[in-house]
Every structure is written in structure tokens, then in C-alpha cells.
Amino acid sequence: MSISKKDKKFLKIAKAIPLNEKSPLSFSKRIMTEVREIHTQEITIPEERFLKLARNIPVTEQTPYTFEKRIMAIVQDLRVENPFAIWSRVLWRAAAPCLGIMVLTALLSLNQSKSITDSQALLSQDTFNENYEINPPDFETVMLASFDDLEYTW
Amino acid sequence: MESIEKLPNEDLRPDEEIVAAVLGGDIESFEELILRYQPRIFGMARKYFRNESDVEDLVQTIFTKTYKKLGSFKKTAPFEHWFMRLSVNTCYDALRRRTKHREQAVSDLMFEDESWQNRLDNIPDSEDQESLDKANELVHSVMEQISNKARIVLTMQELEGRSIKEISELTGWSISLVKVQAFRARKEMRAAVERFLKKEDNL
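Chains as they are written, first to last, in my numbering: chain A, 1 to 154; chain B, 155 to 357.
These are computed hints drawn from the structure, not numbers from a lab. A couple of the hints might just be wrong.
Below, in silico cross-link-like pairs of lysine-lysine (DSS-like), each with a Cα-Cα straight-line distance of 27 Å or less [said to hold, decoys possible]:
(1) B:Lys-341 <-> A:Lys-69
(2) B:Lys-229 <-> B:Lys-219
(3) B:Lys-319 <-> B:Lys-228
(4) A:Lys-12 <-> A:Lys-29
(5) B:Lys-219 <-> B:Lys-352
(6) B:Lys-288 <-> B:Lys-303
(7) A:Lys-52 <-> B:Lys-341
(8) A:Lys-69 <-> B:Lys-223
(9) B:Lys-353 <-> A:Lys-52
(10) A:Lys-15 <-> A:Lys-5
(11) A:Lys-52 <-> B:Lys-319
(12) B:Lys-288 <-> B:Lys-353
(13) B:Lys-222 <-> A:Lys-69
(14) A:Lys-52 <-> B:Lys-303
(15) B:Lys-288 <-> B:Lys-352
(16) A:Lys-52 <-> B:Lys-288
(17) B:Lys-352 <-> A:Lys-52
(18) B:Lys-223 <-> A:Lys-52
(19) B:Lys-341 <-> B:Lys-219
(20) A:Lys-12 <-> A:Lys-22
Throw the hints in and build the complete structure from the sequences for me.
In C-alpha cells, the structure reads:
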């Protein structure tokens, strides 16, 4: 939107007029009298009187002697632990005895198996020797035994 | 939100560190939190309860509840905010429980020794315990006539000078609900004070 020449001239004159910041004599006093009146009116309002009184009561932050100890005693009783934490603690406690039992059982079983193999080997050697001495094995008889049975069936 | 006054001690552990220690099994660290916050909590509780044993009960409930719920504290916000919110909610629950058991007539709350008008204008002197007690008695008498939600909002807004946003954060109520309660609180407070004064005029 373009400004006409006439308007431009008017604006120029308007800007040229200096600001008059002078205020009437004792104007602030007049305002203050009004402010005080409003304030007294507010104070006479029961709710404002009440709030003024309530705001003027200082906050007491005093704490009873060793109050924190009392809370701590309750908290100690309340102590609720995470079930997983309890479970893992029990597991860790059980780990050492379990390991001990495992090692002991392993040693025992090793020892036992060794003695069994020794005795078995000894036993089988003895049996072989005995059998060989009493009845020498007839390889051919043993191998053809099943064929002999077949003959009987037919 | 009102910030905690930090002591000039550099060894002061941050709240979050203490919480982590307590959760890790160092239960004794919880005492540090109690010592740090108990003055403020006592100050808050005394605004809602006049009887000292009620105040102690409330503070005790707040701290035991804090311990029980410590596991639900998310480190996304400062511990102080979480704790103050829990405290305000516990206070609101205590007020609700109390109103269920207690109903007092206005005539029971009139003072025998002094008129209401006089007490209302008698701004207490912080050195004079008697005048403080009298002022406290009057304030609690009026506050007990106001609904619990409105009372909490009125106390925070008018007596503690908190903003609507701060109240909303502390209570967990929406901003519009806080605004409604603030308006209602003013109305209920005005009605209560006028009721007391009118009752006195009729006596």
C-alpha cells in the first residue's frame, strides 16, 4: 500500500512534535491515595485479612530429637529384598559345598572304576587260565555247534 | 519447584547416589536422606495438621512409603521432585482419611477467650508463642472447613507462593484441575471466614 504525499507530510509533522513528559503537580500523591484506599478495602475483606494472618505465621521446620533413628528402626523391619537377589545369594552360598561334593564324588568314582577294572582284568585272566588248563578250548567244536543243532531240527 | 538448600559441604552426596546405595543394600544410607529432607517435610506437615502427633505420624508415613517405593524411582527426573510429589500425595491421603473420621460444627470452633474479629486482625509476633498458637488455631479452623484438594492448592498457592504449574507438578493433577481447585479454594475460604464472623455476630 503506497502512502500519499499528503499523508507523508502529516507523519513528518507528527514526528517532529516533541514528547511532553511533564506530569501534573503531585500527581503521584493523588494515585497513591487511591492505592491506599484500595489496599484498606482489601484488608477489610475477611478473606484478605485471613490470608494476611496465615502468611505471617512462620513455618516451623523443627524436628523431634533423633526422629531419623525412629524411622530407621521401622525401615530396618520393613527391609524387603529383591527375591532374585535372595535366590542368587543362596546359589552363591551353595556353590562352594556343591563344588566340594563334586570333586569328592569324582575322586571316589575314579578310584572305584580303577579298582573295578583292575579286579576284572585279574578275574578274566584267572578264568582263562583255569579254563585253558581244565578244558582246552576246541575252536572247531564251538564254531560248528550251531550247524549241529540245525541237523537235529530237520 | 522449590530447590533444596545445599550445604556448602563438597562431600555431600547427590540424592540419586544415596538412592542407588540404598537399593544396592546399604540401608544405612537412607538416614542421610531422612536428615536432608525431614525439616522441609515437618514444615509442610505442620501446615496441614495442628496436632504434633498427627504431624509425626504423617512424616513417618512419608519416609516409610519412600523406602518401600524407592525401587520405582526412575532416574529421568531429580529425586527431589519424585520425593516431594510422593510427600504431597501422602499428605492428601492423610487429610482424606482424617475428614472421614471427623466432622466439626462451626460453633465448636469458636474461641472462648477472644473474638474472631480480634484474632483475625492480630498478626502474630514470631517471638510470641502464645500469639502464634492463637493464629495457628484460627488458620487451621478455617482450613478444616475447606475441601482437601482445594486446601492443598490454597496452601501451596497463597501461603507458599507456588505457581499453578508447580502445583500441578507436585500434585500430579492437571493444570486445569489445579485452576478449578484454586478458584474453589478461594470461594470456600471466603465462605468459611464469613460463616465464623456471622456466627460470632449472632452469639
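- [ ] Would you pick out the hints that fail for this structure and give their numbers low to high?
- [x] 1, 4, 5, 18 and 19
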